[in-house]
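**Student:** Listed below are the residues making up each chain.
Number of protein chains: 2
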Amino acid sequence: MINGYNLIGFEERSEGDIKLKAFSPVVKDDLPGEFTAATLSEISSATMKATRAFAVYSKKTAEEKAVFLEAIGEEILALGDELIQRAMLESGLPEARLTGERGRTIGQLKMFADLLREGSWVEAVIDTALPDRKPFPRADLRKMLVPIGPVLVFGASNFPFAFSTAGGDTASALAAGNPVIVKAHEGHLGTNELMGNAIKHAAKKTGMPDGIFSFVISSDVDTIQRLVKDEAIKAIGFTGSYKAGTAIFKIATTERKIPIPVFAEMSSINPVLVLPKKLETEGTSVATNLAGSIVLGTGQFCTNPGLIFLLESDAAENFIGLLAGSLANAAPAPMLNKAVCSNYYNSREILQQQNGVRILVSVDNSSKDYKGSAVLLETDALSFIKNENLQAEVFGPSSLVVKCKDKNQLRQALEVLHGQLTGTVIGLNEDIAAFSNCIEVLHSKVGRLLYNGVPTGVEVCHAMVHGGPFPATTNAGSTSVGADAIKRFARPVCLQDCPPEFLPAALKDDNDLKIMRKINGLYTRDSVSS
Amino acid sequence: MINGYNLIGFEERSEGDIKLKAFSPVVKDDLPGEFTAATLSEISSATMKATRAFAVYSKKTAEEKAVFLEAIGEEILALGDELIQRAMLESGLPEARLTGERGRTIGQLKMFADLLREGSWVEAVIDTALPDRKPFPRADLRKMLVPIGPVLVFGASNFPFAFSTAGGDTASALAAGNPVIVKAHEGHLGTNELMGNAIKHAAKKTGMPDGIFSFVISSDVDTIQRLVKDEAIKAIGFTGSYKAGTAIFKIATTERKIPIPVFAEMSSINPVLVLPKKLETEGTSVATNLAGSIVLGTGQFCTNPGLIFLLESDAAENFIGLLAGSLANAAPAPMLNKAVCSNYYNSREILQQQNGVRILVSVDNSSKDYKGSAVLLETDALSFIKNENLQAEVFGPSSLVVKCKDKNQLRQALEVLHGQLTGTVIGLNEDIAAFSNCIEVLHSKVGRLLYNGVPTGVEVCHAMVHGGPFPATTNAGSTSVGADAIKRFARPVCLQDCPPEFLPAALKDDNDLKIMRKINGLYTRDSVSS
Chain C
353 MINGYNLIGF EERSEGDIKL KAFSPVVKDD LPGEFTAATL SEISSATMKA TRAFAVYSKK
413 TAEEKAVFLE AIGEEILALG DELIQRAMLE SGLPEARLTG ERGRTIGQLK MFADLLREGS
473 WVEAVIDTAL PDRKPFPRAD LRKMLVPIGP VLVFGASNFP FAFSTAGGDT ASALAAGNPV
533 IVKAHEGHLG TNELMGNAIK HAAKKTGMPD GIFSFVISSD VDTIQRLVKD EAIKAIGFTG
593 SYKAGTAIFK IATTERKIPI PVFAEMSSIN PVLVLPKKLE TEGTSVATNL AGSIVLGTGQ
653 FCTNPGLIFL LESDAAENFI GLLAGSLANA APAPMLNKAV CSNYYNSREI LQQQNGVRIL
713 VSVDNSSKDY KGSAVLLETD ALSFIKNENL QAEVFGPSSL VVKCKDKNQL RQALEVLHGQ
773 LTGTVIGLNE DIAAFSNCIE VLHSKVGRLL YNGVPTGVEV CHAMVHGGPF PATTNAGSTS
833 VGADAIKRFA RPVCLQDCPP EFLPAALKDD NDLKIMRKIN GLYTRDSVSS
Chain H
353 MINGYNLIGF EERSEGDIKL KAFSPVVKDD LPGEFTAATL SEISSATMKA TRAFAVYSKK
413 TAEEKAVFLE AIGEEILALG DELIQRAMLE SGLPEARLTG ERGRTIGQLK MFADLLREGS
473 WVEAVIDTAL PDRKPFPRAD LRKMLVPIGP VLVFGASNFP FAFSTAGGDT ASALAAGNPV
533 IVKAHEGHLG TNELMGNAIK HAAKKTGMPD GIFSFVISSD VDTIQRLVKD EAIKAIGFTG
593 SYKAGTAIFK IATTERKIPI PVFAEMSSIN PVLVLPKKLE TEGTSVATNL AGSIVLGTGQ
653 FCTNPGLIFL LESDAAENFI GLLAGSLANA APAPMLNKAV CSNYYNSREI LQQQNGVRIL
713 VSVDNSSKDY KGSAVLLETD ALSFIKNENL QAEVFGPSSL VVKCKDKNQL RQALEVLHGQ
773 LTGTVIGLNE DIAAFSNCIE VLHSKVGRLL YNGVPTGVEV CHAMVHGGPF PATTNAGSTS
833 VGADAIKRFA RPVCLQDCPP EFLPAALKDD NDLKIMRKIN GLYTRDSVSS
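Same order as they appear, the protein sequences are chains C and H. Going by the working numbering, the first sequence opens with residue 353, and the numbers climb by one from there. Going by the working numbering, the second sequence opens with residue 353, and the numbers climb by one from there.
Here chain C stands alone, though its shape is the one from the complex (with noise of 0.2 Å):
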């Protein structure tokens, strides 16, 4: 049952006079039912909410912390079909998609679980007194991460579970120990709202707090500004367009009194090195893979492929036949929403009229139907370092083959690329070694270096990066998946001479919690010895 409120806390309030509809690609209409934009009345109690929350739970233990996260994956199982349903219809995303996706994004709330039950991820230093050390002592200094205060979440289209109201973004934010508020995205309201009230279920039967998590529905940019510059906003993670995440960015950096630290990811379109000997003798199976990961999702992924480099030769045109050929077979796929599906259309029209671009293969427009249809161009080198315009992102199952006259030429290709959230490499080990000064370059250029496969796919584990230099992300030093998404959430704070009885447990001399510290540069599971 979809209500169409906003949930400010606990509470569900709708007194705004603003309504919202929720459009659905599959049915090509609007979705029965409204959603209340929010009044500033309504976010502002959400702020004053989240604030009071959290002087409540961030005392909270990392058990009790771990038990809510938990809980919140139980309430997502036990929405049950209504769920899948109910994306399914706003999304277009097809059935498997989801039902995977939302095994991930429970995947991803225990992931977190266990990373605060291990503890280790406070990063502890502990660097303990010298009284007697000439020509000064040294006093007692302990630091540790703490939770920065409410963070507001901004969700993407494409991944209405794991990306939104209930992702990364808030699953890391809490798990810091942040209330979060969540701007429900306008393309899967219902879904925003299932998923809202899991988490506030959660948060009951776990003991959490009023106010702990709120997400609020508005369309009216003014609106969204206000909550951006709201004083008791102490961070924001963000997934989205190149467009709102820097207009969020400038505003949280230079228009609010206090500026804060916006994690945006927002474009990316994850170049390709295809090296001679491999095309050579895998160019077969390297077109089909690629050809796969471009359609994948009808190319609706941050990660999707949509550079490929290469030098000139025969295998290289007998390559591109073979990806050209498979992109052009592949049936026109729903896309996410009309903005989405009339952004993919309009982009790519204007990529294939840039001089220098020749089109291989561009399925009809079927925008109509809201579908996504493949499209396959190709330029040369220097037409790609002469304009900036080739590396527009086009979100959709496109993909541009830039041909490069050799390996001196592919180096200043790639040069002159813009940060990227990916980057792959399909080499045999003689090619790597060859182009190894080509490879540094794209290096320079991304979070992620991966080999022999394709972007698509992020595996939600604590080696993962997945962010990059910008425009990729607003911060190159962080990532929005994997474990260490925590820690943009969360600042050090070092103790200097506290007394024994006030420290909290991740910096007593007595190590209760087991966890790896770094005690005078040494790290280690002891107590600190007397």
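In short, the hints are calculated from the structure, not lab data. Since the structure is predicted, the reported quantities are computational estimates derived from the model, not experimental observations. It cannot be assumed that every hint is accurate.
Since the list gives no way to pick one copy over another, a pair counts as held whenever it fits inside one copy or between any two copies.
[Stated by the list, open to error] Below, computed lysine to aspartate or glutamate pairings styled on DMTMM-like, alpha-carbon distance capped at 25 Å:
{"id": "1", "residue 1": "Lys-839", "residue 2": "Glu-415"}
{"id": "2", "residue 1": "Lys-557", "residue 2": "Asp-716"}
{"id": "3", "residue 1": "Lys-556", "residue 2": "Asp-381"}
{"id": "4", "residue 1": "Lys-860", "residue 2": "Glu-475"}
{"id": "5", "residue 1": "Lys-486", "residue 2": "Glu-811"}
{"id": "6", "residue 1": "Lys-609", "residue 2": "Asp-862"}
{"id": "7", "residue 1": "Lys-595", "residue 2": "Glu-607"}
{"id": "8", "residue 1": "Lys-797", "residue 2": "Asp-582"}
{"id": "9", "residue 1": "Lys-866", "residue 2": "Glu-475"}
{"id": "10", "residue 1": "Lys-557", "residue 2": "Glu-669"}
{"id": "11", "residue 1": "Lys-595", "residue 2": "Glu-767"}
With chain C's structure known, arrange chain H on it following the hints.
**Tutor:** Just chain H now, kept in the frame of chain C:
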């Protein structure tokens, strides 16, 4: 011998027409000789050289970088008395202080050398492949921190060695694997040249590339902005005023095509909370220690205690009297330079004139002699809460006592505090227990919370946090002092399915570097087991 050039990599260049003089607050006049402001072409050479040097330097081993850092320390020591004498003339700081600061600066370089040799700072994380996992196999994923590229450093006047040309920002940026360009501080141009030369000699002796280090001289805002906007620059370290720091932050985040991180350490007034039982029992010694901290170095420390909170009582009046007595007897002492001195008297004058502020001690203005004299002011909590101007940094030997009626009012006053580098709690254990909710608020505002000490004195160690919420810094997640300062200038990159022979040493199965790594979620110095 000081020549007044810019150091552009290994080249000494002075092509410009604009000449600057080095003023001495000791001789109260310009020192002989002149310094040539850098031309745009010289600046551009520096950034181009830095980019080229990065490609070479970032591949140096930890041992090679460690040897370079230690060689800088040796070269600084080899400057001998010329360095100390020049810095005394340019900064007005006494010999003993500068000799100590030189030791700290060399010790800091040594600490980073040790950190590189130990090696675990790269945060190597490995998740091994799970080829048989269902429904999908897991790839092999390995991540570590890598250097980000050329770093621009703006040093501070108050630490001409430890926070300037060869100070903490430069040391940590070089340690992380990045070239450095220093914007020479106008307050100690000669000291800068000597230090820059020491770095150059160390670089040449240890085989580092031309461009690993440059310094440029400029007092022109447009020129400095051009440098901040230069595409080659990948991060900025800054120590100085709120005005300059926020201006650089704004340019770097919104006026560049590619925004870069700015680690600016700016403004802090370092509140001290003196609790009642301690005041009753040890008021005299607390007053003596605090007075000493207020006038230490003529109050020219970013951790100078500029704000003292206490509850109204007879003991408090007695304490304030003692503090006032000490400060009234403190002799005016030399300040760093003209600008620091005139800013001090201007800002203390503005503070004195605020509503509700009473002057307890205001030793005569000695600005003609470039000396700073002490001032002690008092106000009530309500005036403090109402008027943000009472939180303006007065950089010099000044402090403001805020008298609160009760615990509740104290908490309210702490709640309006801006972000700070430090907060100090002076109390018996029973005080600390009784005021836990006030201390919690103070904790939320600071990077370092210290007990029963004075905030001046920042230890260079693993557990230090010299940072804090805005406006103390522009990045509360970082520290500019201590081992973790290196992490500001690095970013994580994940390698997926990288063939073993192309993995960097830190990520290979065999842990030849013997570093601490996280493998499949567990911390270990073991190799990856097959």
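**Student:** Would you mind marking each hint as holding or not holding in the structure?
**Tutor:** Results of checking the hints against the structure:
1. Lys-839 - Glu-415: Intra 18 Å, inter 29 Å, cutoff 25 Å: intra-copy only.
2. Lys-557 - Asp-716: neither (51 Å within a copy, 65 Å between copies)
3. Lys-556 - Asp-381: Neither: 36 Å inside a copy, 70 Å across copies.
4. Lys-860 - Glu-475: both (13 Å within a copy, 24 Å between copies)
5. Lys-486 - Glu-811: Only across copies: Lys-486 and Glu-811 sit 13 Å apart there, 51 Å inside one copy, limit 25 Å.
6. Lys-609 - Asp-862: neither (41 Å within a copy, 50 Å between copies)
7. Lys-595 - Glu-607: both (17 Å within a copy, 16 Å between copies)
8. Lys-797 - Asp-582: between (34 Å within a copy, 17 Å between copies)
9. Lys-866 - Glu-475: Both ways: Lys-866 and Glu-475 sit 13 Å apart in one copy and 20 Å across, limit 25 Å.
10. Lys-557 - Glu-669: neither (61 Å within a copy, 51 Å between copies)
11. Lys-595 - Glu-767: Within one copy only: 24 Å inside, 35 Å across.
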